[in-house]
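Trainee: Sequence:
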Amino acid sequence: MKQIELRLALVLYGGVSLAVYMHGVTREFLNIVRASKRHEEGLYATEAEAETGAREKPTSTDIYRRLLKELAPDVNIRVVADIIAGASAGGINGVMLARAIAHDLDIESHRDLWLANADVTRLANEPVGLTRYLKGSIAPVIDRLVSMGLNSETSDPETREKLRQFIQARWFTPPFSGERFVGWMLDAAEGMGRAKATADDPSAPAQTLIPQGQRIDLFVTLTDFHGRLTRFEIDNAGMIEEMEHRRVLRFKARHRAAGDVTSEFSDRYIPTLVFAARATAAFPGAFPPMTVGEMDRVMETRGEPWAGGNDPRGRRQLLLEKIEGGRDDHPETSVFVDGSVVMNKPLQPVIEAIANRPASREVVRRLVYVDPLPMEIGDGYEDGDDAALPSFFHVIFASMAHIPRNEPIGDALQQVADLNHEARLISDVVAASEPVIEREVARIIKLKASRPPTVKELSAGRERANEAAHQGAGYTYFGYQRLKLRVVAEKLGMLIARLARLGGADPREADITERIIARLDAIFAENPDAGSTPAPVIDFLRGLDVDYRIRRLRFVIRRLNALYHAAAPDTMRGSEQMDELKTTLYEHIDHLTRRWSRDFYGEETIGLAADFAMADRANEHALTRLLDILKERMGLADLDFLTDDVFSVMAYNYLDPDLRVALTSAYVGFAFYDLVTLPVMKRPETAELNEIRIDRISPSDPHTLHPEGISLKGTSLNAFGAFFNRRWREHDYLWGRLSAADRLITLVLSAAETTKRLDTAKISNLRRDAFLTILREEAPHLVADPDLVPNLLGQVEQHFRTLREVAETA
Numbered sequence: 001m002k003q004i005e006l007r008l009a010l011v012l013y014g015g016v017s018l019a020v021y022m023h024g025v026t027r028e029f030l031n032i033v034r035a036s037k038r039h040e041e042g043l044y045a046t047e048a049e050a051e052t053g054a055r056e057k058p059t060s061t062d063i064y065r066r067l068l069k070e071l072a073p074d075v076n077i078r079v080v081a082d083i084i085a086g087a088s089a090g091g092i093n094g095v096m097l098a099r100a101i102a103h104d105l106d107i108e109s110h111r112d113l114w115l116a117n118a119d120v121t122r123l124a125n126e127p128v129g130l131t132r133y134l135k136g137s138i139a140p141v142i143d144r145l146v147s148m149g150l151n152s153e154t155s156d157p158e159t160r161e162k163l164r165q166f167i168q169a170r171w172f173t174p175p176f177s178g179e180r181f182v183g184w185m186l187d188a189a190e191g192m193g194r195a196k197a198t199a200d201d202p203s204a205p206a207q208t209l210i211p212q213g214q215r216i217d218l219f220v221t222l223t224d225f226h227g228r229l230t231r232f233e234i235d236n237a238g239m240i241e242e243m244e245h246r247r248v249l250r251f252k253a254r255h256r257a258a259g260d261v262t263s264e265f266s267d268r269y270i271p272t273l274v275f276a277a278r279a280t281a282a283f284p285g286a287f288p289p290m291t292v293g294e295m296d297r298v299m300e301t302r303g304e305p306w307a308g309g310n311d312p313r314g315r316r317q318l319l320l321e322k323i324e325g326g327r328d329d330h331p332e333t334s335v336f337v338d339g340s341v342v343m344n345k346p347l348q349p350v351i352e353a354i355a356n357r358p359a360s361r362e363v364v365r366r367l368v369y370v371d372p373l374p375m376e377i378g379d380g381y382e383d384g385d386d387a388a389l390p391s392f393f394h395v396i397f398a399s400m401a402h403i404p405r406n407e408p409i410g411d412a413l414q415q416v417a418d419l420n421h422e423a424r425l426i427s428d429v430v431a432a433s434e435p436v437i438e439r440e441v442a443r444i445i446k447l448k449a450s451r452p453p454t455v456k457e458l459s460a461g462r463e464r465a466n467e468a469a470h471q472g473a474g475y476t477y478f479g480y481q482r483l484k485l486r487v488v489a490e491k492l493g494m495l496i497a498r499l500a501r502l503g504g505a506d507p508r509e510a511d512i513t514e515r516i517i518a519r520l521d522a523i524f525a526e527n528p529d530a531g532s533t534p535a536p537v538i539d540f541l542r543g544l545d546v547d548y549r550i551r552r553l554r555f556v557i558r559r560l561n562a563l564y565h566a567a568a569p570d571t572m573r574g575s576e577q578m579d580e581l582k583t584t585l586y587e588h589i590d591h592l593t594r595r596w597s598r599d600f601y602g603e604e605t606i607g608l609a610a611d612f613a614m615a616d617r618a619n620e621h622a623l624t625r626l627l628d629i630l631k632e633r634m635g636l637a638d639l640d641f642l643t644d645d646v647f648s649v650m651a652y653n654y655l656d657p658d659l660r661v662a663l664t665s666a667y668v669g670f671a672f673y674d675l676v677t678l679p680v681m682k683r684p685e686t687a688e689l690n691e692i693r694i695d696r697i698s699p700s701d702p703h704t705l706h707p708e709g710i711s712l713k714g715t716s717l718n719a720f721g722a723f724f725n726r727r728w729r730e731h732d733y734l735w736g737r738l739s740a741a742d743r744l745i746t747l748v749l750s751a752a753e754t755t756k757r758l759d760t761a762k763i764s765n766l767r768r769d770a771f772l773t774i775l776r777e778e779a780p781h782l783v784a785d786p787d788l789v790p791n792l793l794g795q796v797e798q799h800f801r802t803l804r805e806v807a808e809t810a
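Oh and the sequence shown: position 786 is 786 in UniProt numbering, straight run, nothing missing.
Hints are computed from structural coordinates only; laboratory data are not their basis.
Do not take every clue at face value.
In silico PhoX-like pairs for lysine-lysine, Cα to Cα no more than 20 Å straight-line [what the hints assert, rightly or not]:
(1) K631 with K491
(2) K322 with K252
(3) K69 with K37
(4) K756 with K69
(5) K69 with K762
(6) K322 with K484
(7) K456 with K446
(8) K69 with K2
(9) K57 with K69
(10) K756 with K2
(11) K2 with K57
Sequences and hints are given; from them, build the entire structure.
Mentor: Encoded structure:
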């Protein structure tokens, strides 16, 4: 069975009341990720277990499972949503989706958050004092203004009445209550259920939709109203300072290879997550800016654990640390407004995160962005000279809000194109060099299908391969070596700076890196023989080059995937054994990755790092002592021995002889591959060398039921429309689910296309059943418009009936 991982990176744009549409979209993303996990569990479940898990009332999760089952056994597709980014309204939905995926929680109850609470009458502050009477006396005037100025968008009686009430709300203050909104989001996050298997409760059973050995990242954009000083070094003025207003909060969870889950989406982090959601959606003028003080008041009113107590890193402290980001002295004074002001389309952090994703099987990568209100070509432009000159207020408002929110994504798309080019380039380099490298490895170590090499033979073979790569590369080796040393020095600079800050120092990473490079240069100067690498440098790399080991294991895993898919099915020993081997390799990567974490080191190392950072630059003893202790703590020689043992024992037990020889050859000969691939990598830490394809989910895109696209009700009133009408919210929410379901089915079929194609009738039945299931599931909850669901049910039946009739007559 061919195994493919369909990886979805999701970007959610801002859209004010169109958050309701995006909630429908995120529900389907959660459902397909959950369906994928249930499908994978079902591959190894007994028939009785499968029957026990059957539902009385099907959901779209069941339809997605059916789709994945239809593609098996030819191809087993695992669907993973591993990166999420959101701004403004998209940030709220991104927060809730990421928490649900991290801990396999439900967001069905969030329907009420959007349909019931996202209403102007619930969000708005009540008018107080004299304002109430003044506005009441001019209500007829307000009604007339509404009728004259917004008639085309307020013909609905409910919308007209709520708009009139809204205009009578407080003047010159934000009309919506931030604290009330925070309370609703806290209720929604807590109502998802308890997050299990976190670092807070390691005894709890695992409960996550993150595949073992992988992680999920969430990026939420904020606008720091006061800004933060950022220092840059320039030639003519030394250090200069710039004010930076863009902030991106990052949350992460990891399902480690050992089975435990470390997460920033656990119950302890709920207030921090809600703070991020509230801050990113603090639409200027509608909501007050977000502050820690607002969260303090809400938590005090609710009487929930917040600050103090026996936990030195209480929930409030977690929030302060996340806001601080390592640079601010007083995070309590930070003021945040809508993240869309500076970054409404947060694609860049997603693209940067994609490159660092490992894979346990062949990867099909999709970056899906949700744009609920796309700018169409020609929007805002009219013929005629007069139309070319906007009005005074139009220029001001467009400059403050409209133009920044609609900046194009061309730079991000070019970034994706560059990554794709790099992936193709490296694949070509590996393919071109492979025959030569295999011959070189065959001369170095005799690998036999009948007998696996011993650990000692593997270690010796690796050493000889390193020497042969050095000698065979000639003068080009020194450029590779310099790059390799620079990579290690920069990673050490980052690690030492983090440790030093824990010890009370405040060094610059770049300064530490340059001190390490200067020390290496001095070693080369002391050993001028141009034909060899000085022994201290070899010792430096053996003891501290963590990333070389990580690159080697990731390369071997990619080769294992290729060998696995290239082999005939009857030559394999079973996917479970293959997965176990890959899981073990990922455990080794996990062990190596922890060496770059400040949490891996104790007080002694932290103290030495701080001493080094504060020592005089000429004090070489402090650097030597620190590097020696880091070598000792990292213990890379022991990890090398364990990895050699994996190839000596596990590869023999879990791989067929020919595949074992090919994989062991790649492992032993990695020094040759690294020599030709590292110099062409733009980022040496890149893990995922797969091309990225871009997809969009938008109401303007063709839908199976509406090839011309659909119109969302919430786009009226400058995208605030759905806050004024529950029927509009129900319409947009439902179409969010239907749009996402249609697109996700297409994405899965596209991922499997090279291996298996379903016939048209099966695909039509799957789409039909997905739409009908969603409509029937939502019918009891969408009550404002009694015709909405019945009309759509009729459309679905009619559309697919017509398709069948056309197929039968063809």
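Trainee: Each hint needs a verdict: does it hold in this structure or not?
Mentor: Right, here's what the structure says about each hint:
Between K631 and K491, the direct Cα distance comes to roughly 14 Å. Compliance with the 20 Å bound is thereby established for this hinted pair. Only pairs whose Cα atoms come within 20 Å are accepted, and K322 paired with K252 is accepted, the gap being roughly 12 Å. Of the pairs offered as hints, the one joining K69 and K37 holds, with about 12 Å between alpha carbons and a cut-off of 20 Å not exceeded. Between K756 and K69, the direct Cα distance comes to roughly 12 Å. Compliance with the 20 Å bound is thereby established for this hinted pair.
At roughly 12 Å between alpha-carbon atoms, K69 and K762 fall within 20 Å of each other, so this suggested pair holds. Note on K322 and K484: the hinted pairing is violated, with a Cα-Cα distance of about 33 Å set against a maximum of 20 Å. A distance of roughly 13 Å separates the Cα atoms of K456 and K446; the hinted pair therefore holds under the 20 Å criterion. Proximity of K69 to K2 is assessed by CA-CA distance (about 13 Å); at most 20 Å being required, the pair is judged to hold.
Of the supplied pair hints, the one linking K57 and K69 holds, its CA atoms being roughly 19 Å apart against a limit of 20 Å. The hinted pair formed by K756 and K2 meets the criterion: a straight-line CA distance of about 10 Å does not exceed 20 Å. About 32 Å separates the Cα atoms of K2 and K57, which puts this hinted pair outside 20 Å; it is violated.
Taken one by one, the earlier hints fail for this structure at numbers 6 and 11, listed in ascending order.
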